[in-house]
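Engineer: Single-letter residue listing:
2 protein chains.
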Amino acid sequence: MEPSRISFDFSHMLAAATGGHGIREEVFDRAAARIPALHQAMEAGREAMAWRALPYVQQDIVAACRAAAARINAEFDNFVVFGIGGSALGSKALFSACCHSHYNALPRERRGGVRFYVEDNVDPDRMNALLDVIDVKRTAFHIITKSGNTVETMSQFIIILDRLRKELGENLRNNLFITTDRKSGIMKGIADAEGWDTFTVPDGVGGRFSVLCPVGLLSAAVLNLDLDALLAGAAEMDAACSRPALAENPAYQYALLYTEAMRMGANISVMLPYADALAPFSEWYCQLWAESLGKRNDRAGHSVHCGQTPVRALGVTDQHSQIQLYNEGPFDKVISFIGVEHFHSELVIPAAPIDVRDVSYLCGHSLNELIAAEMSATVHAVTKNGKMNNTIMVESLNEASLGKLFFFFEMATAAAGELLDINAFDQPGVEEGKIATFALMGRPGYAEKAAELRAGSAADARLMLSV
Amino acid sequence: MEPSRISFDFSHMLAAATGGHGIREEVFDRAAARIPALHQAMEAGREAMAWRALPYVQQDIVAACRAAAARINAEFDNFVVFGIGGSALGSKALFSACCHSHYNALPRERRGGVRFYVEDNVDPDRMNALLDVIDVKRTAFHIITKSGNTVETMSQFIIILDRLRKELGENLRNNLFITTDRKSGIMKGIADAEGWDTFTVPDGVGGRFSVLCPVGLLSAAVLNLDLDALLAGAAEMDAACSRPALAENPAYQYALLYTEAMRMGANISVMLPYADALAPFSEWYCQLWAESLGKRNDRAGHSVHCGQTPVRALGVTDQHSQIQLYNEGPFDKVISFIGVEHFHSELVIPAAPIDVRDVSYLCGHSLNELIAAEMSATVHAVTKNGKMNNTIMVESLNEASLGKLFFFFEMATAAAGELLDINAFDQPGVEEGKIATFALMGRPGYAEKAAELRAGSAADARLMLSV
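As you go down the protein sequences, you meet chains F and G in turn.
When you line the first sequence up against the working numbering, it's residues 2 to 468, in that order.
When you line the second sequence up against the working numbering, it's residues 2 to 468, in that order.
Excised from the complex, chain F in its bound form (with noise of 0.2 Å):
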């Protein structure tokens, strides 16, 4: 396995280090007794989590995804996801972490593979983009929908397989690979009918905690990544994030401490990695923390609206755009950044060939070493200014140390759901505008929603203008 240690250090959440605005000793103190009921919680609940048993037993699901990646990359020349939110953002983790950053204008005997697109929206300009640079004949989708139910993915689903009979006729089929459940929903419906085989996202496995099963293992087998790395990262962090101790445990750390800060008033939780291949890997941690953890709570007889909003930032970039407020401004965030140790190139700040004047300084230097002083800079600074932090370093980008990042926060996730005593594995909260949708679009048996929305919501016009 490649290096792929990551190092965990929460010491700036506490009071200690932030000039007494982080997490007071007495009630990190209080909140640690309370690891030995989230042990065994977790260890209880390790059924119902179908996910946990992701890293593990899928040599048949790897050898699959590896032979159909391997007919991808023999026939097509592009690969395209279809899919959104959970069934689109770990493809696209993966897909920035470990490739590339022009990984598509690239020749393709760099890539040593397909064009990856990952279409997690139903924009009709963006769609037409897409068409306007693949050949349908000449290109792999990849539909995921559990249910089959997701109107965007299933609009995208419908106007490619028009495109496909009209390229290609009968043989359409080639082109398609599909992700569903296991036995029921209208895609599965739709597959059996067809006679298609169809990967499966394993039962009780939610969209969001989905990635180590095909639903992003066919792109990492399509973009040629080490399958067996991802998964053995995964099962490591797993070992290590189901230990009792809390002093052994980071996520059991870091579900602690946030929950404590969500407690004292921190509703915002920043993602700040130091490396442009992370970005997307941050979107993949905003839907998992807000969609996990945002939650109306009933359970104590009255409604408790609990969620932490995530933030995607970017170092060094958005030291220029959030810093100034990050620094200055209130105390109601906890900011997570995230290092890479080692980054796979070297650049060199050269010696100027004319005089640079007051920053010549910088020549010798490389970009791996600014990157690196720019965010301990940023960390004493937040510090400094008594924001709650902490930082996780990553020795290099690879399959195995996603693995890791990948089950560290699902399992965070899953923890800080216990402490605030609310179901992670839901979202009820989305039906509402589901439904409102399916009213619009005119599907049958949503007449009196769409009655309701006729009838419209409280316009003022004192408060509406046109320019």
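Treat the hints with caution; some may be incorrect.
Copies of one chain are not kept apart here, so a pair can be met inside one copy or by any two copies together.
[To be verified] Here are the simulated BS3-like pairs of lysine-lysine, each with C-alpha atoms no more than 25 Å apart in a straight line:
id	residue 1	residue 2
1	Lys435	Lys385
2	Lys385	Lys450
3	Lys93	Lys385
4	Lys138	Lys167
5	Lys184	Lys435
Bear in mind the hints are in silico, worked out from the structure with no lab data behind them.
In this text the structure is predicted, and so the values were computed from the model without any measurement.
Take the given structure of chain F and dock chain G to it, following the hints.
Structural biologist: Showing chain G alone in chain F's frame:
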């Protein structure tokens, strides 16, 4: 001018629309009483806000940008912007909003100009990846730094100077376009010593308010955008946002409602466009709002830590990531929806060539209808869940509507600064990190800070571990 009407609807900011969770009528009335004083301050400050003059009297600058762009498109294959923060985000927003989603992948004749890159980070892997896909000899570089003190941009500049010297010898100047201060700063000193002419960031125009000077205009010209329409749109919005009456001035409405929401505890501002092309516009907004209003305010004799944390989101994608939280989570945010009335293209979901069962109701509709329905459905859902929100409808995405959007948010931000009694135009909170970076990179004169950093901050062995 192309269709560029912007329609604002702030009705859902009020308690009447949000089940009592918004701004109450009497609070709104009391706040509205502050408008005459706000207007007086905005008018009195017009000259100090040098960016307010940018929509006007720029004929010579526009002509210079067009001339440079014509040469760039005639002589080169690529155009690379080296800048960060306000020197990058306006160009990114314009490029995305007005150009094809896969612009660089299109054949040259469809682009009508060079490939376009904005490089706003110092990640070594990303910079090396760029160098993999461009031929520096065939590339024009636009170096943007007002002070010449920006370590990121100056590092990129030195790296490229070296490459150009090796490839082109003494002729490297031909590939360089520089925008910097009119008379002072390291970059101006370098350019003067070398005898290079430069584009100018006008006096008193800060980075985040600079998109309508050569910082953004040269990019726009290289992309063959209509600079006159961009500036005319801004001028039209300036006229509307200079009206004294609250009912006629969208910037005053936005500023008043958002600052009242902040007082009510809404410390998060979500920017949620329903158009992929506007995703970078959200980044531009996030810098403007965060860096202008995220301030420590000592004017009252004690420190107030002010500022709303902006969150960039994207419809419909984030419905499958963030909407669960927005609907069920805390009443701590305001959501700005931005919709597009007319996309540049249409895409119909055709009759399906196979039986698609329960999703057949989608057939015959278009993605244009779907994305509009999903936005309406989400507005409905968040409003029903009591979350303050507002809607900005853009008739069509083009130079004129972008000019309007840029200027609207600049005016709204300036007005919000007035209402919060803070200086919206400085950024003192970034100094600590900048100085720490200088120290870590060995800049002469920063030895004391380097010693402070070496001393380090409180580590806590209980909260440090590796996996």
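Engineer: Please go over all the hints and tell whether each is borne out by the structure.
Structural biologist: So, going through the hints one by one against the coordinates:
1. Lys435 - Lys385: Between copies, since 14 Å is at most 25 Å while 45 Å is not.
2. Lys385 - Lys450: between (52 Å within a copy, 13 Å between copies)
3. Lys93 - Lys385: neither (35 Å within a copy, 32 Å between copies)
4. Lys138 - Lys167: within (10 Å within a copy, 44 Å between copies)
5. Lys184 - Lys435: within (23 Å within a copy, 57 Å between copies)
Of the hints listed earlier, the one the structure fails to meet is number 3.
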